[in-house]
Amino acid sequence: MPHPRIRPLASLALAAAALLGGAPLAAAEHPIVIVIHGGAGVIERSHMTAEREAAYRAGLGAALDAGYAVLEGGGVALDAVAAAVRTLEDDPHFNAGRGAVLNHDGICELDAAIMDGSGPRAGAVAGVHHVKNPIDLARLVMDKSPHVLLAGQGAEEFALAQGVVLVPESYFITPERLRELEQEKRGAAERTPTAPLPLRPSPPKGMGTVGAVALDRAGHLAAATSTGGLTNKLYGRIGDTPIIGAGTYANESCAVSGTGQGEFFMRQVVAYDVCAMMQYQHLSLAKAVDTMIHDKLKRTGGEGGVIALDRDGNFAMDFNSAGMHRGVRDSRGRREIAMYRDAN
Amino acid sequence: MYAIAIHGGAGAVPRATLSPEREQRYRAGLEAALEGGYAVLERGGSSLDAVTAAVRVLEDDPSFNAGRGAALTRDGAAELDAAVMDGRQQRAGAVASVRHVKNPVELARRVMEKSRHVLLVGGGAEEFALEEGFGLVPNLYFRTPERLSQLEHEQRGERVSDLVPPAHGTVGAVACDRDGNLAAATSTGGMTNKRPGRVGDSPIIGAGTYAKNGVCAVSATGHGEYFIRAVAAHHVCAAVEYRGLSLELAMRELLHDILGGLGGDGGLIGVDRDGRIVMDFSTEGMYRGARDSSGRSEISIYR
Chain P
1 MPHPRIRPLA SLALAAAALL GGAPLAAAEH PIVIVIHGGA GVIERSHMTA EREAAYRAGL
61 GAALDAGYAV LEGGGVALDA VAAAVRTLED DPHFNAGRGA VLNHDGICEL DAAIMDGSGP
121 RAGAVAGVHH VKNPIDLARL VMDKSPHVLL AGQGAEEFAL AQGVVLVPES YFITPERLRE
181 LEQEKRGAAE RTPTAPLPLR PSPPKGMGTV GAVALDRAGH LAAATSTGGL TNKLYGRIGD
241 TPIIGAGTYA NESCAVSGTG QGEFFMRQVV AYDVCAMMQY QHLSLAKAVD TMIHDKLKRT
301 GGEGGVIALD RDGNFAMDFN SAGMHRGVRD SRGRREIAMY RDAN
Chain E
1001 MYAIAIHGGA GAVPRATLSP EREQRYRAGL EAALEGGYAV LERGGSSLDA VTAAVRVLED
1061 DPSFNAGRGA ALTRDGAAEL DAAVMDGRQQ RAGAVASVRH VKNPVELARR VMEKSRHVLL
1121 VGGGAEEFAL EEGFGLVPNL YFRTPERLSQ LEHEQRGERV SDLVPPAHGT VGAVACDRDG
1181 NLAAATSTGG MTNKRPGRVG DSPIIGAGTY AKNGVCAVSA TGHGEYFIRA VAAHHVCAAV
1241 EYRGLSLELA MRELLHDILG GLGGDGGLIG VDRDGRIVMD FSTEGMYRGA RDSSGRSEIS
1301 IYR
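Respectively, the protein sequence lines represent chains P and E.
Final position of the first sequence in my numbering is 344; the numbers increase by one with none missing.
Final position of the second sequence in my numbering is 1303; the numbers increase by one with none missing.
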């Protein structure tokens, strides 16, 4: 039985909030939450040195705190996810921005998307080679162009027109990614390069993609994702990251960012489908994510994970790969960073 | 029951501005595409082959905004997008921003069947085309005097750059074959005077193109940015699958409530698991056609 006095008090508060424009009550009602990922894949303790693990954890922590600081300062979810993803793009340990994996030609080809759940509005870029922070360019596409997705040179023309300073391809390349490409090419030589589907792409080694979802004080949701894609990918290949609905999606009730074998995420329109299952099948966020990752995606052989957040601040970080770099921080005092299956 | 539906774009098609000769040309083009696709189904071919065949015919017809006769970008080039999806295993292939591939829908199909990827873009997509033995054509192949004058029109400022959708863009097809397999395909030149690199909804799986056996297959046309934000084609399938809506209601909700609410317009064609065809649009008209094994056969432009 609910306490009989709650109802009149609540309606008084609502009336007061209406008079004040709703902001004070909204501030009190909505938890602020940010969830990030730094890619899913073969992340096992046996493959990790203490130094590397510490570097990943530090990078995830910095991104989490950068995004959270925006929310704590009263900023919007959209700015928070952009700040978190920008931090991960600048960190060479993650497959986005600097330190992104290299394509077949030995260069970085970067994709990113951002979506504002209120609107909804979205911006994305694909196949850019010279943009230091692709997430910022995706944001400019959303804010300053009538388009949603710009690809390749056209995207870089737009960047220049917006005053974005381009950087040389060498900015993104790290020795570690060069080694990975060599290894991958040696391995690929033993496989048929164009075998027909269903061919599973080689297991994700690049631990690809970074992303963030956030809920702000006003109750708005946003999602952002950025990636270098697959090591040794074909020139021109675009994965799920910049595809609204596949790797990135946000509306008024749900925000999702994905990481994993992009082709599978695209075919199943993963990020939007999580939201659709929630809204139309009335599943909880956790159940919708569980169904997607461990049933729908797994059934087709797709590997990866998602982070997701609903308007009440419920979140999910789930994956069917060995591990996923991830973290969450909220106004209820939670701050967690994990990499492996066992919540550590 | 087997069935196929096609569209040749939606937009403002005021009867007064469409001369009888042009209307006749459009109708003949739609008819040829519809028959091309239907013939595949009739002889027991797959829905995937049927939608590919129908879209190829429309790509080759200079009256429609896809393949030859596609709308031109700001720099006067044709830049083409296409996608195909097989409802059987939800396999999909797409290409974006290609400038030298005569039939983008065939390259999209090749991406689905011969690469481990779903979407290839620009120069990379054309590299793949060459590896697969496609003969490339010069960009001039696609350019028609009509599209050139349309571009000049826009560039003289008679319209606000790329904020306005083209009068009628995009072609597409959906089909259900004898085995109940569903497929969808879409191909386009995008918006007249578009910024090079702009990718619309056509090659985006879930936005302009989607197919899932047992649910429905959908191809969209209209102001692409809105269709991307609304994840239009997948939204329709999700409404059918999760809420039990009829395809008709799902499409109406998407076009008139959701897209209408966002300020976007366009059209959709779809076929459900039983081979029932639905064609709906929120614009003045949509070039469209439908034919099925129960005797339905129609070509229409206006409401």
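Careful: at least some of the hints might be erroneous.
Computed footprint of chain P on chain E, listed as stretches where at least three residues anywhere in the stretch have a Cβ under 8 Å from a Cβ of chain P [to be verified]:
| no. | stretch |
| --- | --- |
| 1 | 1026-1038 |
| 2 | 1233-1247 |
| 3 | 1283-1297 |
Derived pair list, reagent style DSS-like, types lysine-lysine, alpha-carbon separation capped at 30 Å [what the hints assert, rightly or not]:
| no. | chain 1 | residue 1 | chain 2 | residue 2 |
| --- | --- | --- | --- | --- |
| 4 | P | K144 | P | K185 |
| 5 | P | K185 | P | K287 |
| 6 | E | K1102 | P | K298 |
| 7 | E | K1102 | P | K296 |
| 8 | E | K1102 | E | K1114 |
| 9 | P | K287 | P | K298 |
| 10 | E | K1114 | P | K185 |
Here are some of the chain E residues that sit facing chain P, going by a computed Cβ distance under 8 Å [said to hold, decoys possible]:
| no. | residue |
| --- | --- |
| 11 | G1076 |
| 12 | A1077 |
| 13 | E1127 |
In short, the hints are calculated from the structure, not lab data.
A virtual CB, placed ideally from N, CA and C, is assigned to each residue, including glycine.
Status of the hints after comparison with the structure:
For the stretch 1026-1038 of chain E, the assignment as covered by chain P is violated, since 0 residues bring a beta-carbon within under 8 Å of that chain's beta-carbons and 3 are needed. Coverage of the stretch 1233-1247 of chain E by chain P holds in this model, with 6 residues showing a Cβ closer than 8 Å to a Cβ of that chain against a need of three. With 0 residues having a beta carbon nearer than 8 Å to a beta carbon of chain P, the stretch 1283-1297 of chain E misses the requirement of three or more and the stated coverage is violated. At roughly 40 Å between alpha-carbon atoms, K144/P and K185/P are farther apart than 30 Å, so this suggested pair is violated.
The straight-line distance between the Cα atoms of K185/P and K287/P is roughly 39 Å, outside the 30 Å bound, and the hint therefore fails. Our distance criterion of 30 Å between C-alpha atoms is broken by K1102/E and K298/P, whose separation comes to about 37 Å. Restraint check for K1102/E and K296/P: the C-alpha separation of about 36 Å exceeds 30 Å, so the hint is violated. Pair hint K1102/E plus K1114/E holds up; C-alpha atoms about 18 Å apart against a cutoff of 30 Å.
The straight-line distance between the Cα atoms of K287/P and K298/P is roughly 15 Å, inside the 30 Å bound, and the hint therefore holds. Among the hinted pairs, K1114/E with K185/P is consistent with the structure: their alpha-carbon atoms are about 19 Å apart, no more than 30 Å. Violation of the interface hint for G1076/E is found here, the shortest Cβ-Cβ separation to chain P being roughly 14 Å, above the 8 Å cut-off. The closest approach between the C-beta of A1077/E and any C-beta of chain P is roughly 11 Å, which is over the 8 Å cut-off, so the hint fails.
The interface hint given for E1127/E holds, since its Cβ lies 6 Å from the closest Cβ of chain P, which is under the 8 Å cut-off.
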